[in-house]
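S.K.: Based on the provided sequences and hints, a complete structural model is requested.
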Amino acid sequence: MSNPSSETPLLDELLKGRWPSFVKEMKEMADTKPMVRDVLRQLEKSYVDKKTHWKHGGIVGVKGYGGGIIGRYSDSPEEFPGAAHFHTVRVNQPAGWFYNTQALRDLCEIFDKYGSGLTNMHGSTGDIILLGTTTDELEPIFSALTEKGWDLGGSGSALRTPSCCVGPARCEWAMFDCLDICHDITHHYQDEIHRPAFPYKFKIKVSGCPNDCVSSIARADFSIIGTWRDHIRVNDEEMTRYVANGRNPINDAVLLCPTRAIEWDGKKIKIDNENCVRCMQCINAYPRAIKPGLDRGATILIGAKAPIVQGALFSSVLVPFMKIEEPYDEVKELLESIWDVWDDHGENKERIGELVERMGKGEFLEKIGIAPDVQMVIHPRENPYIFYDEFYEEEDDATANK
Amino acid sequence: MSNPSSETPLLDELLKGRWPSFVKEMKEMADTKPMVRDVLRQLEKSYVDKKTHWKHGGIVGVKGYGGGIIGRYSDSPEEFPGAAHFHTVRVNQPAGWFYNTQALRDLCEIFDKYGSGLTNMHGSTGDIILLGTTTDELEPIFSALTEKGWDLGGSGSALRTPSCCVGPARCEWAMFDCLDICHDITHHYQDEIHRPAFPYKFKIKVSGCPNDCVSSIARADFSIIGTWRDHIRVNDEEMTRYVANGRNPINDAVLLCPTRAIEWDGKKIKIDNENCVRCMQCINAYPRAIKPGLDRGATILIGAKAPIVQGALFSSVLVPFMKIEEPYDEVKELLESIWDVWDDHGENKERIGELVERMGKGEFLEKIGIAPDVQMVIHPRENPYIFYDEFYEEEDDATANK
Amino acid sequence: MNVRKTDIGCPDYKQFLPPVILENYGKWDYHEIPRPGVMLHVGESGDKLWSVRVGSPRLLSVKSILYFCDIADKYCDGFLRFTSRSNVEFMTVHEANIEPMIKELEGEGWPVGGTANSASNVIHTQGWVHCHTSATDASGLVKCVMDELYDDFTHHSLPGRMKLAVACCLNMCGAVHASDIAILGIHRRPPKVQKENLAKYCEVPTTIAACPTGAIRADILNGEKTLQINESQCMYCGACYTACPKLPIADALNDGLSIWVGGKCANARSVPRFTKLVVPFIPNNPPRWPEVVDAVRTIVNVYKAHGKPWERLADMIDRIGWARFFKLTGFEFTKYHIDDYKLATKSYNASTHLRF
Amino acid sequence: MNVRKTDIGCPDYKQFLPPVILENYGKWDYHEIPRPGVMLHVGESGDKLWSVRVGSPRLLSVKSILYFCDIADKYCDGFLRFTSRSNVEFMTVHEANIEPMIKELEGEGWPVGGTANSASNVIHTQGWVHCHTSATDASGLVKCVMDELYDDFTHHSLPGRMKLAVACCLNMCGAVHASDIAILGIHRRPPKVQKENLAKYCEVPTTIAACPTGAIRADILNGEKTLQINESQCMYCGACYTACPKLPIADALNDGLSIWVGGKCANARSVPRFTKLVVPFIPNNPPRWPEVVDAVRTIVNVYKAHGKPWERLADMIDRIGWARFFKLTGFEFTKYHIDDYKLATKSYNASTHLRF
Ligand code: SRM
Ligand code: SRM
Ligand code: SRM
Ligand code: SRM
Ligand code: SF4
Ligand code: SF4
Ligand code: SF4
Ligand code: SF4
Ligand code: SF4
Ligand code: SF4
Ligand code: SF4
Ligand code: SF4
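Chains as they are written, first to last, in UniProt numbering: chain E, 1 to 402; chain U, 1 to 402; chain A, 1 to 356; chain X, 1 to 356.
It should be emphasised that the hints constitute simulated quantities derived from the structure, not laboratory data. Just so you know, even glycine gets a beta-carbon here, dropped at the ideal spot from N, CA and C. Some clues are possibly wrong.
[Claimed, not checked] Quick list of in silico lysine to any residue cross-link-like pairs, SDA-like style, CA-CA up to 25 angstroms: (1) K201/E / K342/X; (2) K27/X / V309/E; (3) K27/E / Y341/X; (4) K45/U / I282/A; (5) K304/X / R247/E; (6) K349/E / Y341/X; (7) K63/E / V3/X; (8) K346/X / V309/E; (9) K268/E / N248/E; (10) K342/X / D389/U; (11) K346/A / K335/X; (12) K267/U / N245/U; (13) K148/E / R4/X; (14) K342/X / V309/E; (15) K342/A / V309/U; (16) K16/U / R288/A; (17) K342/A / R358/U; (18) K63/E / E147/E; (19) K63/X / Q102/E; (20) K201/E / Y328/E.
[As the list claims (entries may be wrong)] Covered by chain X, according to a simulated footprint, are these stretches of chain U (three or more residues, beta-carbon under 8 angstroms): (21) 108-118; (22) 234-245; (23) 308-321.
M.R.: Encoded structure:
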C-alpha cells in the first residue's frame, strides 16, 4: 500500500511553511488510525472538489443528555468507510482553561482509545473537543470521561458551556472572581446545559474587565464584564518612572482617552472620574501607575450573537453595575427571569438578543422587572413613535368635560 | 357689540410679554376683517377646548394648477362663519428671500384686498404664505399675483418651491451661486412644481457651504451643499492678529477639529488637507485667517425627510463633488434620472429617501447610473447578506467539471 | 381680453439686491458680529454692509410688513430680506443708520438679536391657527418660549448656536427632527371613527390607502361601508384625517407635547444629528404652557452652565454623557426614552463605556 | 454495578492552578511583556510568574498534547493552560527555565509569540475538516495566513493588537463579526433541491421551519411531498441543509471567501465594533489560497505603515477615513460594499464630512 502522504498531494502542501500544521497533526494519527486516514483522504477530496464532503443526518447523543455531541457523516461512506461516522464530543473545559498534565494525559488516553485522537483545544465556545468518533463509542467514551471527572458541554437549544478569561488567576485587572462564578454557574445549571429546553442556544461568557479577553460582548447572550464604580487609583511616582524609561503618557493615554478624562502635567496624573468611561486605555498603558478603583463588580449585558438571521448583535447594557459575590444569587435570579421571559415570548430559534430587539428593550426591561436607566442606551429615542401606556379613555373624557 | 379683545381672554394673555405677539398681528386685522375676527374667536375656542377646530375637506385650487393652495374649513362654520373657508395661498419667494419695498407693498395690497391680510413670512418650505382666503377669491388673487410677477408655490405630490441660503449675496463662504441655481431650477421646473405628477412631494434646498443655513441635509429630498476640493487657504498674519485680540486658536479650532487636521504653533497654521473633512469649524472661527479652497462646487445628497412613516432621514451623499455651473445641466440631468427611477419604482406616498432605503443605495446608484464611491457611506457593510449578481449556473458547473 | 398668465415662476432676485450686494456679489471677504443682532460683511473691495436682524413672530399682518417697508425705505434704500428662520434683516451701507434704526425698531417692540451665540427664533408650524391635524398650537408655544428666552435672543448669552423648533404634529413641518431644542405636539390615541354615514363624507379606499401602517380596515355598518381602526397598529399620525373628515384625531385629554434635544443640521464640527426625546409628555396647558416653558428654561440653563464655547447642545451632551444630562436637568428617564422602532438596536449601549 | 454518573459538571479549576497562582490569586500587581511571547506577572507579594505563549493550530493530536505535557512537567511543575485564542501557555516561577523551554519548543517547530502588538493566532472553525455547511476550509486558510504572518506573530511588529478570525460559513462560529481582519467563507447560490424521494430523507415541515427567511415551500413531485426554494429570498445560510440532506448547498464554482476588517471586541479606547466588508469575493483556491493571503498581507502592510501606537485597525481607519483605506489597499469599492440590509440607512454618509 502506498504511503498515506502520496494520497494527499494537496494537503501535503500544508505541511510546508513555518506555522504548525494541522495536516501534520492529522497524519500523526493517520499512521495508526484508519479512521483518520479516511478523513484525511476525504479532506483531500474536498481540496480537489472545493466542497465539503460532510453531511448532516439525525441527532446522536448519550443517554439522558440532549446535547454535547455533534453528529457528522461522510457523504461518500463507500469511498471513505472510516469517515462514515465522525462525531465530535464536546467536553466542558475547566474554568480559565487551566490543566495539570495528569488531567490532560487522562483525556488524551480516552480520546486515543475511543476516538480519532484528534482534538480542538478548544472549540470556539470554549469546550474541549474530541474531533471524531463513531456512534458506538459514544456511551463508552462518556463513561470513561465521567469516571475521570469530566462531563459533556452543550449543543442544541441549550445553555452552552460558560467560559471566562484567566482573570484573578493571572491578571491584575480582574474585578471579581471570574473563574469561580464561571465554575459555579456551570455546576448550578447542569440541567440547562445538558437537556435543551430553551427556544435556542444561550451563551454566557465572563470577562474580568472591559478589555473583555473572552469577547463576551460579541459572542455571549449574557455577558458579564468587570468594572468599577469609584475612582481610578493613580501613582504619580510610578508614572514618573515610566516617563524616565522613555514612555510618553500624552501619546499613550491623554490623547487616546475617549472622553479626555485624563491629564498629565509632567508631574501629576489627573482623572476626571465623572467623565471616565472605564475604557481601560490609560490603565492598559501604565499598569503600575494607573489602576482601577476598589468598588468593583460587573456590567451585565445581553444579546450578542453572530449574524444569522437578523444581522450580528453585540450585547448591550442590561445592568450597568452589579456586585458579583458568592453565591451569585443576583446573577442567577437575573438569568432565570430572562429565561422565563424568553420561554414565554421567544419564538423557535430566536436568540434572546433578537427577542429584545423585536419586543423593544423598554418592554423587555418591564417584563424582567428592571428599571430603565439612561446608561442602557447610547442616546434616547430619535423617532416620535411612542406607544403610551397611559391615556384617558373616552369615558374619562366625557367625565372631564362635564 | 363688545370689544373683540373681551371675546378672547385666553389669547389676550399672549398679548403680554416682550416677544412680538402673533395675537397682536391677528387683532390688527380683526378690527377691519370679520373673517379674521372669526378665526380669532375660533382659535380662542381651541385654547379653551385644547383642540383644533379646522377640518380638511377636498382639494381647492386655481385653474390649470394642481397645487399651491391648502384648503381649510372650520369644523364649526355656523359659530364662526368668517372662518368657514380659510385657505392658504403659497407664493413662491424670490431666491434668498430678498425684497424691495415696492414688491412687498404690492403683495400686501393683494393680500389685504383678497384675503385676511395675514401672512407667514415665510412658510417652512420657504414660500410666502397668505394665511387665509375664501374659495371665491382664489382666481382673482392668482390673477393679481401673476399681474405683479408672482406665481404660486408647490403642494401635493409635486416639486416644492426650492430654497437657498443668502449665499454669495452676503456671505463669504458661498462655494457657488446658490441664488442663481435656485432661481434657475425653479423656472426650469415650473411644470413639476405646479402639476403634481410625482409619487410624493420632492424638495430641493441649496446651501452655499457645509454650515447649511437652510438645513438642506435635514429637510430636502435633494440637497445641494457647497464644498471645495483643494486646500484650505490660510493667512498666518491674520491669525496672529486674532491672537493679539485675545482669541485662542487651540480652543476654537485645533481641539474642535473632528479629525485633528489643523495645528497652530503660535506662528503658523498647518492643515492636513488630506484629513480635513470640510467641517468649517476653523473657518467659522477665523473667517479672516482661514478660508475655503478655490476649486469649488457642491456635494449632492439625497433623501431627507420628516419621520412619517419610516422615521426621519437625513440626506446622504450621492455625488461627493460636482461643479455647479450655469446652465446647471449636470444637476438637472441628475434630478431627472432620479425622478425617472422614482417614477418607475416609487410607491404612492413614498419619498425618494424611503425608496433608496427600500431598494438599497447600491441598487439605486446602478439604476441612476452613478458609480459607487466609498464616500457615500460611513463604513462598508457589516453583514454578510450580499446578493451577488455574478455567479455560475449549474450548466457552467457541468461544463467546468468536464 | 388678457391672456391668463401661468408658470411665470418667482420674480428675479437680482432686482431685489441692493447695489452694494450686486457689486460685491460672490466677493465678500469676511464678516464680524459687532453686537447682537448686527452683522458686518466686508467685501474684497473693502465695501461694508451692515445687517440688522429683527425677531419676528412669522405670522405677520400686512400692517407689520408695511411698517418694515417704511423702516427699509427710511434706513436701507428700500431693501430688506427675511432669513431661513423667519427673521427680518435690514441691510445698509450707512453705519450711521444702525443705531437710530435699532432704536426705532425696539421702540415699536421689535427685538434685535438672534445672531451668533444667542437663542435663535423658533422655526414653527401652523397649529390651531391653521392646521387640522395639530395636537397643539405652534404660534402660542413660540410666543411663550420666546418671551422666556427674550434676553437670550437679544444677547450672546449662550456657549454656542442654539436652534429651536416647534411642530404641532408628527408630520414635523419644519426642523423638529434636527434642532437643539424642539417641542413636538403629539396625539396619544387613534382617531375616533365616526362610523355612521361615513361613506358619504369620505372615499373609503383612499382613506385606507392613506394610513402608513395599514391600521385602517373597511367595515360595514347598517349595510353601508364604513371604516375601523386597529388601535394597536395606529401611531397617531393623523394622515387618515387628512383624507377623511370622519376620523378626527384631536383629543383634548390625550393630546399634548413632548420635548426633544440635541439635533443639529450644520456639518460644523460634528455631523448632523437627529433630535432625541427628553420629556415624553406634557399636557396642553394654554394659553401660557408653563410646564413647557419651564422645561425649555431648564435645558437652556444646563446648557449655559455646562456648555463650552462653540459646543452645540449635542456636542455638550457627547462630552458629559446623557446620564449626566438627565441628572442635571432632573428629567426622568423612562421606558419611552428607549427606542423600539426600526433602528432601535443601534441606540442600545453595546459597550461597557459607562459613567458612574 | 456502577451507577452511571451524569451532570457532574467540569472539574474544579482550583486543582489545576499552580501554587504561585493560588497564593497570588486576585492579588496580582502588574505585568510586563519582557519579549514577544513572554509575560511576567508580579504579585503584590512580589512573587513573579512567567508565562510563555505558544502558537497552536488548535487541531491537535493527542501526541502533541502529550508533548506539551512533557514540557510542562519538565519546566512548569506540571501546569499549563490554553488561551481564549487556542494558544498554549506555559507558566513558571523559575526565570531560568524560560530560555531553555523556548529553545526546546521552537526547536520542535512551536512558535513563541502572540503577545502585545503581534499578530494574534486566528480564531477559527471546522471547515471541510468537519462541517457540512462550510464554504471553505478553515484550518487550511489559517495555516496559509499564519505561515505568511509568522514573523508578525513572533515579533511585536504592529502598531497595536491585531486579532484575526476565519469562519467557513455565515453562521460565523467564532469572532468573524468582530475582528481586525476576518476571512469568511460564503456560498453564493441557494441549495440545489434534490427533489426526488426527498421526503424519505427529511421531515418536510421541520425543514420549512428551519429557513430563516421563509424561502422554502412544500411542493409535489410524482404525487409525493418535496420542497422548493424561492431563489430570490434565499440568503445562502445553509440552515436548511442542516435539517435535510437533500438540500446540499456546497457548490464548488460559487463558494468562496470574503474579507472583512475593522471589528473589535475590547472596550479599550473605542467601543466594540463590527467587522466591515472589504473584499466581497475571492474564489476558493486550495491548498494555499494565494489571493486570500495576498489580501491579508496587503491589509497588514497598510496597518503597519499607517497605524499609530495603540490603534487597532478600526481606530486607524477612523482617523484616515475609509476612502484612504481603500486607496492604500487598492481594493475596489463596489455596490456590494453598500449595506442594503435592515439597518443600512445608518451606514449612509448623512453629512458633508468628506475627504478629497
Ligand atoms: C441669515 C442666515 C441664512 C439665510 O439665508 O437666511 C444665516 C446666516 C449666517 N450664518 Fe447660518 N444663517 C442662517 C441659518 C442657519 C441655519 C438654519 C437654521 O437656523 O434653521 C443653520 C443650521 C442650523 C443647525 O445646525 O441646526 C446655520 C448654521 C450656521 C453655522 C454653523 C453653526 C454651528 O456651529 O453649528 C454657522 C457658522 C457659525 O455660526 O460660526 C453659520 C454662519 C452664518 C453666517 C456667519 C454666515 C456669514 O458669513 O454671513 C451668517 C450670520 C450668522 C449669525 O446669525 O450669526 N450658520 N445657519 C440664517 C439666519 C437664521 C436666523 O434668522 O436665525
Ligand atoms: C405650511 C407648512 C408649515 C408652516 O407653518 O410653515 C406646512 C403645512 C402642512 N404640511 Fe408640511 N408644511 C410645511 C413644511 C413642511 C416641512 C419643512 C420643509 O419643507 O422644510 C416638512 C418636513 C420636511 C419634509 O418634507 O419631510 C413638512 C412635512 C410634512 C409632512 C410629512 C412628510 C413626510 O414624508 O414625512 C406632511 C404629511 C403629508 O404630506 O401628508 C405634511 C403635511 C402638511 C399639511 C399639508 C397637512 C395637511 O395634510 O393638510 C399642512 C397644511 C397646514 C396648513 O394649514 O397650511 N408636511 N412640511 C409648511 C409649508 C409652507 C411653505 O410652503 O413654505
Ligand atoms: C491570555 C488571554 C486571556 C485568556 O483567558 O486566555 C489574554 C490575556 C491578556 N490580555 Fe487580552 N487576552 C486574551 C484575549 C483577548 C481578547 C479576545 C481575543 O483575542 O479573541 C481580547 C479582545 C479582542 C478584541 O478586541 O477583538 C483581548 C483584549 C485585550 C486588551 C485590549 C486590546 C486593545 O487595545 O484593543 C488588553 C489590553 C492591552 O493589551 O493593552 C488585553 C490585555 C491582556 C493582558 C495584558 C492582561 C494581563 O494583565 O495579564 C494579558 C496578556 C496580553 C498579551 O497577550 O499581551 N487584552 N484579549 C487571551 C490571549 C489570547 C491569545 O492567545 O492571543
Ligand atoms: C465547533 C464550533 C466551531 C469550532 O470549530 O470551534 C461550532 C460548530 C458549529 N456551529 Fe457554531 N460552533 C462553535 C461556536 C460558535 C460560536 C462562537 C462562540 O460560541 O463563541 C458562534 C457565534 C456566536 C453565537 O452563538 O452567535 C456560533 C454560531 C453558530 C450559529 C449561528 C447562531 C446564530 O444565532 O447566529 C449556528 C447555526 C445554528 O445554530 O443553527 C451554528 C451551528 C454550528 C454547527 C452545529 C452547524 C450544524 O448545524 O451542524 C457546527 C457544527 C460543526 C461541527 O462539525 O462540529 N453556530 N458557533 C464551536 C463550538 C465549539 C465549542 O463548543 O466550544
Ligand atoms: S478581561 Fe480583563 S481581567 Fe480578564 S484577562 Fe483580560 S485584561 Fe485580565
Ligand atoms: S480609563 Fe479610559 S476613559 Fe477612563 S481616564 Fe483612562 S483612558 Fe480615560
Ligand atoms: S450656508 Fe454657508 S454660504 Fe450659505 S449663508 Fe450659511 S455660511 Fe454662508
Ligand atoms: S475645516 Fe474642519 S476638518 Fe478641516 S481643518 Fe478646519 S476644523 Fe479641521
Ligand atoms: S406639523 Fe402637523 S399640525 Fe403642524 S402644520 Fe404640519 S401637518 Fe399641520
Ligand atoms: S392616525 Fe395614522 S396610523 Fe393611525 S389610523 Fe390614521 S393614518 Fe393610520
Ligand atoms: S462557521 Fe459554518 S461551516 Fe464553519 S463550523 Fe460554523 S456552522 Fe460549520
Ligand atoms: S440556505 Fe438558508 S435562506 Fe436559503 S433556503 Fe436554506 S435555510 Fe433558507
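S.K.: Each hint needs a verdict: does it hold in this structure or not?
M.R.: Hint by hint, here is what the structure shows:
1. For the proposed pair K201/E and K342/X, the alpha carbon gap of about 23 angstroms is at most 25 angstroms, so the pair holds.
2. Note on K27/X and V309/E: the hinted pairing is violated, with a Cα-Cα distance of about 43 angstroms set against a maximum of 25 angstroms.
3. For the hint linking K27/E to Y341/X, the alpha-carbon distance of about 44 angstroms lies beyond 25 angstroms, and the restraint is violated.
4. Straight-line distance between C-alpha atoms of K45/U and I282/A comes to about 20 angstroms, which keeps the hinted pair within the 25 angstroms bound.
5. A threshold of 25 angstroms between alpha carbons decides the hint, and for K304/X with R247/E the separation of about 20 angstroms falls inside it, so the pair holds.
6. A distance of roughly 20 angstroms separates the Cα atoms of K349/E and Y341/X; the hinted pair therefore holds under the 25 angstroms criterion.
7. Among the hinted pairs, K63/E with V3/X is consistent with the structure: their alpha-carbon atoms are about 13 angstroms apart, no more than 25 angstroms.
8. Restraint check: the Cα-Cα separation between K346/X and V309/E comes to about 19 angstroms, which is no more than 25 angstroms; the hinted pair holds.
9. A hinted pair counts as satisfied when its Cα atoms are at most 25 angstroms apart, and K268/E with N248/E qualifies at roughly 13 angstroms.
10. In summary, the hint linking K342/X to D389/U is supported, as the alpha carbons are separated by about 20 angstroms, within the 25 angstroms threshold.
11. Between K346/A and K335/X the CA atoms are separated by roughly 23 angstroms; this keeps the pair inside 25 angstroms, and the hint holds.
12. Among the hinted pairs, K267/U with N245/U is consistent with the structure: their alpha-carbon atoms are about 15 angstroms apart, no more than 25 angstroms.
13. The straight-line distance between the Cα atoms of K148/E and R4/X is roughly 13 angstroms, inside the 25 angstroms bound, and the hint therefore holds.
14. Proximity of K342/X to V309/E is assessed by CA-CA distance (about 11 angstroms); at most 25 angstroms being required, the pair is judged to hold.
15. For the hint pairing K342/A with V309/U, the CA-to-CA distance comes to about 11 angstroms; that is within 25 angstroms, so the pair holds.
16. Between K16/U and R288/A the alpha-carbon distance is near 10 angstroms, which keeps this suggested pair within the 25 angstroms criterion.
17. As the CA atoms of K342/A and R358/U are separated by approximately 13 angstroms, the hinted pair is consistent with the 25 angstroms bound.
18. Simply put, K63/E and E147/E have alpha-carbon atoms about 16 angstroms apart, close enough for the 25 angstroms limit, and the pair holds.
19. Proposed proximity of K63/X and Q102/E is supported: the alpha carbons are some 14 angstroms apart, at most 25 angstroms.
20. For the given pair, K201/E sits about 22 angstroms from Y328/E by alpha-carbon distance, which is consistent with the 25 angstroms threshold.
21. With a cut-off of 8 angstroms between beta carbons, the segment 108-118 of chain U has 0 residues touching chain X; three or more are needed, and the interface restraint is violated.
22. Under the rule that three or more residues need a Cβ within less than 8 angstroms of chain X, the assignment of the segment 234-245 of chain U is violated, with 0 such residues.
23. With a cut-off of 8 angstroms between beta carbons, the segment 308-321 of chain U has 7 residues touching chain X; three or more are needed, and the interface restraint holds.
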